[in-house]
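Undergrad: Based on the provided sequences and hints, a complete structural model is requested.
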Amino acid sequence: MAQLSQNLYVLIDMGSWRMALPQSDVVSVELLSDAICTRKKRRLVWWIKWQDNRVGILALDEHANSADVEDIDGNVLVLLGESKTPVLGLACANLEVINADEVSNEVALPTVMSKALNLFTHLAMHRGELLCISELSKLEAYLQQAVN
Amino acid sequence: MSETVQAWLLCVAPGVYAVLPRQAMGHLVDDFSVSNVPQAPGYANHVYLWKDRILPVFNLSALTLGERQAPLLLGVVAYRRDTEIKQGAIALFEAPKLIGVPAESADWPEGRCPWPALADSCVTLPSYGACAILSTDKLFNYSAQC
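Residue numbers (the working numbering), protein chains in the order written: chain V, 1 to 148; chain L, 1 to 146.
Don't take each hint at face value.
Said to hold, decoys possible - Calculated cross-link-like contacts (lysine to any residue; reagent style SDA-like; alpha-carbon spacing at most 20 Å): (1) V/K84 - V/D25; (2) V/K138 - L/P41; (3) L/K138 - L/Q23; (4) L/K138 - V/T111; (5) L/K51 - V/H122; (6) L/K51 - V/D25; (7) V/K115 - L/S35; (8) L/K138 - L/K51; (9) V/K115 - L/P21; (10) V/K49 - V/L88; (11) V/K115 - L/G42.
None of these hints come from the bench; they were simulated from the model.
TA: Below is the structure:
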């Protein structure tokens, strides 16, 4: 069973683009409308209370720039982490678990796109469309940069 | 009579021309759609899915004009990344022309574009002025932080 889960991706539909992470990084799926907003100095910070933990929320716009949760299309919040402990919530329009066999032509990001390495490790194809492959540590670092 | 070599004259942005060695371009595509790669820089934030391959598209209009414009054509080219040969596409705004290029080098074209980071040298062409001779290796390994 553990081996099976390593062969699964969660495909996250961000509205105008799609990314994928290992399915094992998904801790829970919640509603974005349950998110809480507080003010940190001059900045609004969104988070959700999950099993007595406060989990920060990352919202990304069509350019994958950090955005306000209220500007995101969709009401899905996928909590990502390790060992069933979420480290961040990612706002998205929808998500789907797919088999790694469906992901093809995976390539490292070309050097000319190096700025996108902030968020993604690889590019790939899924059902004839582009898929950006990410990893938890990149999203975590991106969230930290966005809130600090 | 001065010596010339055959090369492609490319319109890399409206009103902006550059030269590409004849053997560097493999295919020309006029019916295409591109996919956006979020966070990638404006000159390279699209890929072209071609024959089950993911080709980065270099669009020089973002560097030469300061604003990316939609191309009419894509020229599929090869480039080297470390020891591997990869494929990419250059955004084109007119059909390429095969021309004779003089051997004498000239000064880089004026403007905002970082030509020395993208090209090997420059020539002066009648009617077109100074045109950079593009290096596909430099284009697709270009990083603005350099």
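Undergrad: Work down the list of hints and note, for each, if the structure agrees.
TA: Evaluated hints:
In summary, the hint linking V/K84 to V/D25 is supported, as the alpha carbons are separated by about 8 Å, within the 20 Å threshold. Between V/K138 and L/P41 the alpha-carbon distance is near 18 Å, which keeps this suggested pair within the 20 Å criterion. Note on L/K138 and L/Q23: the hinted pairing holds, with a Cα-Cα distance of about 16 Å set against a maximum of 20 Å. Between L/K138 and V/T111 the alpha-carbon distance is near 10 Å, which keeps this suggested pair within the 20 Å criterion.
Taken as a hint, the L/K51 and V/H122 pair is honoured in the structure, with Cα atoms around 18 Å apart against an allowance of 20 Å. Restraint check: the Cα-Cα separation between L/K51 and V/D25 comes to about 32 Å, which exceeds 20 Å; the hinted pair is violated. Our distance criterion of 20 Å between C-alpha atoms is met by V/K115 and L/S35, whose separation comes to about 17 Å. Only pairs whose Cα atoms come within 20 Å are accepted, and L/K138 paired with L/K51 is rejected, the gap being roughly 24 Å.
For the hint pairing V/K115 with L/P21, the CA-to-CA distance comes to about 29 Å; that exceeds 20 Å, so the pair is violated. Distance hint between V/K49 and V/L88 is fulfilled; the C-alpha atoms sit about 11 Å from each other, no more than 20 Å. Restraint check: the Cα-Cα separation between V/K115 and L/G42 comes to about 10 Å, which is no more than 20 Å; the hinted pair holds.
The earlier numbered hints that this structure contradicts are 6, 8, 9.
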